[in-house]
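*Asks:* Below are the chains, spelled out letter by letter.
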Amino acid sequence: MPKFLHTADWQMGRAFTRFETEDGAALVEARFEAIETLARLANEHQCDAVLVAGDVFDAQTVSDRTIRRVFNATKGFAGPWVMLPGNHDAALAESVWTRAQRLGAIPENVHLALQPGVIDLEPQKLSILCAPLTQRHTYGDLTEPFSGYETPEGFLRIGLAHGSVQGLLPDEIDSTNPIAPNRAQASKLDYLALGDWHGTKQIGERTWYSGTPEPERFRNNEAGNALIVEVAEPGATPAVTRVPTGRYQWHQFRETLAVQSDLEQLLARLNTLPESVVVDLRLDGSVTLAGEETLLKALSIAEARFRSLRCERSGLQLAPTDEDIAALKADGYVGEVVESLREPQEGAQDDIARDALAILAGLLREREQEAAQ
Amino acid sequence: MKLQRMRIEQLRQFRKPFVLGNLQPGLNLIHGPNESGKSTLVRAIRAAFFERYRSTAVDDLRPWGDSAAAPTIALDFEHEGRAWRLTKSFLQRKRCDLVVGTETYSEDDAEEKLAELLGYQYPKRGASKAEHWGIPGLLWVEQGTGQDIEQSIEHAGDHLKSALNSMVGEVASSGGDDLIETVRSQRDTLLTGTGKPRGDYLKLEKDRAQYEVEIEELKERVHKYQEQVDRLGKLTHDYDQAEAERPWEDAQRQLEEARARYQQVERLEQQQNQEKATLSQLKQNHHLLQQNKEHLEGLSRQLEGRKAELDRAERDLATAEAQTPVVTGRLQEARAAYEQAEKQRKLAGLLQTRHRLEQDVRRLEQQKQVLTDSLGKAREYHQQLEQARQQARENRIDSELVKKLRATGNQLNEETIRSRTIATRLSWQLEADASLTLNNETLTGQGEQQLLEESTLVIPGVGTLGITPGGEELASTRRKLKTLEESLEEQLKTVRVESVEQAEERLAAFENAERAQKHAEDLLKSVAPAGIEQLFSEQNEAESELEKSRSQLEATPKPDPKEDLPALEEADAAFARAGSALDKAESDDREHQSRLSALKQARDNAKTEWQRLADEEKSPERQQQLRQITTDLANLGKQQAEMEVSLERREREIRDARPEFLKQDIERYQNAVNQLRQTQENRGRELRDIKVRLEAWGAEGLEEQLNEKEAEYDQCNRRYEELHRRAQALDLLLNLLTERRQALTRRLQAPLQKHLNHYLSVLFPEASLEVDEQLRPGTFSRGTELGQITELSFGAREQMGLVSRLAYADLLREAGRPTLVILDDTLVHSDSDRLEDMKRILFDAASRHQILLFTCHPEKWQDLGVPPVDIQASKERKSDF
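From first to last, the protein sequence lines stand for chains H and C.
1 is the number of the first residue of the first sequence in full-length UniProt numbering; add one for each residue after it.
1 is the number of the first residue of the second sequence in full-length UniProt numbering; add one for each residue after it.
Quick caveat, the hints were computed from the structure, so don't treat them as lab data.
Idealized CB from N, CA, C, for every residue including glycine.
It cannot be assumed that every hint is accurate.
[Unchecked claim] Coverage of chain H stretches by chain C, computed from C-beta distances (three or more under 8 Å per stretch; other residues unrestricted):
#, segment
1, 13-24
2, 57-66
3, 87-94
4, 355-369
Can you build the whole structure from these sequences, using the hints too?
*Replies:* See below:
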């Protein structure tokens, strides 16, 4: 009973902006680990092949080291791998693939689908109908020729393509590289393995996006999986199993703080998260001096606990209460300065005034603490 | 604070104790002339407060030459109702004691207490300097520094602030200034004074820019890479298509065809060329034969020509020969003329020579005559000279001797006369026949003789009479006379004369002769300056020359007077003309001769030629040749016509094949083949190049680099934004804090301004003086004048300085601080009006502060209304106790 692993969108060679260097490196490393995980899963599930539906590489010109490491990471699974060029790694006249070939980095069990056509995996009785991208963008359906491809009798007809299924995906996804929604049916495919959409998504009975094995953005849901597909015989409905592969979860919280309990709830939520998360916090609303102190302390703890924590507080107003101000014990002209900073300012000046107030409050608190000692 | 009494001892000129007591709470005028110790008192007060008792830098306090001295100052003053007594000794006995009411302090404690009270500080080491003086530095004005108010205020700064804070306590912030400093230092790590980034902030800004540049570069390179990939795709496609279609092979085939056709045309052209060559050969033969024929036919014509030539040559020769007599005649004429001219010239030369010789003869005759005359005269003069010389020789006599002789004669005469008078006169008159013999001398007739010597007179027959002349002088006279006579005799003998008269005559004759000789010599010299012999030889010479000239003249033939002879110059010119005419004639003749022989030669040649042709014309071979040539010519003409027809046909064939187009076709097809192949080769080369390039670029992992670089940029940018916000916040905070702090300071300005205005209105009723934020008097305005204090005159600045100091004193007094104003000979630069105003100000200030005014001009201050204290007088009074 043929069984294979469907994955896509590895995006190898991607660097992560908006993170501390150390965190970025860890996230890159996690992507290599994801390939190893895939290999391990393929073995565990006794898969006949691993199909990668495009965007193995994030760019054509990644370093030689990245190329070698990617193929090295596949070593765990000795069965056939079929890799399809996607829009990021299209099979151009000169491409990451031709470089990989020149480097001699490609193991024998890895098949590159650099031309449109069929790759027959004889022992596994699998016919892989490939629709590689040979240009960066195409505006026609590359899977169109699938209907014309003949496959040996008794072989499964598995389509492998990279692009957007028309009319089903949110608009922000590239409208280029279109794929007809009824491709599997029209071309008599047993299964159509798709890439490009980074979340795991079923399109039809026989058509799936596997999503990326390791999440790399906050936007997509359902990322970090691979699909184990089992087809009993040609024409049978495939049994698709979703297997988690991701190491890090990516969370993005947008919170508006208004009252004390909002802050408490946020902190409680952070507490429940496991350590292997990448968190992006965006806060607005207002916070008291005391609340800010609590928040900063909590963030400091969370930063240490999580893989990465980023907190955008520019929308968060510092609104010291009268008690806060009294606690600062700012007298004389310093008191006047504190008051003037509390007054609402115009435009960008407002942010600066808030920062200034925070700095001043910090200095005054330090002074209080020194005095207390 | 009121200073009541001051006592000093062993301090500069105050070796003995000196007490300045009874100081008043208000104004005190202390005066003394220079050197009286006025400045020492001021120095003593300053030392008592500012100098540490254990300072070693106060040697100036020591009396001169007294190394054992311990300068001591004791001050009594009252402050806030308590009595203070300060005693301070330096150098040999270092001590400080302070008694305040019932409390006592000593050493450092005492000094700190004083510093706190007055608001100043001690130097860490060495002598106290202006920056340590604090508030007293402001209120105690040293001589000549009254105008330097700014420095004093700066030095007093902290003390002033702490002194005045009590006045504005409600707005001051506890630790606010520290806070400002903290904020400033934090701000300054990020921003420069002018608000430019610095340190990490600056580095981030630069890094960010650097990243932007690098990212831009990488993007550019990625873009290039992608362009090259696209180019590679297109090229590969084109290359493969061209390889499949092979368009250059078609072109090659067409090229071959064109070449074959062209070769055919070329063959035709070759044939044509051969035929053309044959034709031209035929034509040449025809031409040659024609020439031969013409040649043969032309012999008779030539013969005529030769005959004509011969005739012409003979004619020319005859003409030339006819000219011969003319030429020869002309030559002979020229020769005759030449000879005639030569003769004429010779004669003219002779005539000229004769003329010259005749002139010479005349001149020489004249010369000879003159010389003969001169010689005659010279001989005559010479004779005269000889006569005069003879005369002189005969009468030569020494004039001196004559003079002496004359004197001796005269003396002898006188003596003789004298002797006669005394001599015995013997006179006689004898009978005719009677005779006497006197001294053997026979006397007859009558006579007389003076006898000076014993004489014997023999009277014949009578006997002998002896006569002895008497008289006493007679003997000496007789001796003298005898001596004189002998002398005269001697001299006469010497000059060889008989008598004196004769000598005189001879002298006269001699002198005459000498004059005559001189005269004759002069005359002789005039006619014969070089002597007669010379004259004689000159005469001889002249004569011989004359002879020579005469003989030459006679030898020269006499020209025929009938012939009209030209002058020599004219004859010369005529001769030259005749010469050149002869030359011309001769050369004409030569030319004529040579022409003649040339013409003869030409005639002979022409004759030979004519003869040769005449022989040839008549030969039979010639007739035969002529016939043969005519036949050959007819054959050749036929061949030629055939050939021309053939050529025309060939040419049409060639023209129809359009060889020039064929040639162009070949070139075109060749180019096409080359170009098509070249294009494909270029494609192949470019493909290889691009592949190599892309391989190299691909190996760099550009996009991955770009990704990483963007991540780094993002991080850098985030950090930059953080620092940017922090810098702005700190800047804002600092500005706010300093603003508020300054606002606070400004609240202190008001009271100071009030006091300042109070004094200023006395000095300048219309003026105002602004106090700036550092509490310094700044802008001064009076009517329309506006300026800084530092721009005022020295006197005005000094007055302003004093006014400001008094205002400070008022302010300090309000803050409950001690005020003591000490002025050392101040306001010396003020005019009397201003000084009057300043006195009113001082008097007014003295109602609130104690003022010690030291001066050496007491007369300026006598209307101050206080009794002056005279240091000198006090010193003298002190010497009592």
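*Asks:* Now tell me if each hint is right for this structure.
*Replies:* Outcome of the hint check:
Counting residues of the segment 13-24 of chain H whose CB lies closer than 8 Å to any CB of chain C gives 10, which reaches the minimum of 3, so the coverage claim holds. With 9 residues bearing a CB less than 8 Å from a CB of chain C, the segment 57-66 of chain H meets the requirement of three and the coverage assertion stands. Restraint check on the segment 87-94 of chain H versus chain C: 3 residues with Cβ-Cβ distances below 8 Å, three needed, restraint holds. Given as covered by chain C, the segment 355-369 of chain H passes the check, having 8 residues with a CB less than 8 Å from a CB of that chain where 3 are the minimum.
Going down the numbered hints, you'll see the structure goes against none, and every one checks out.
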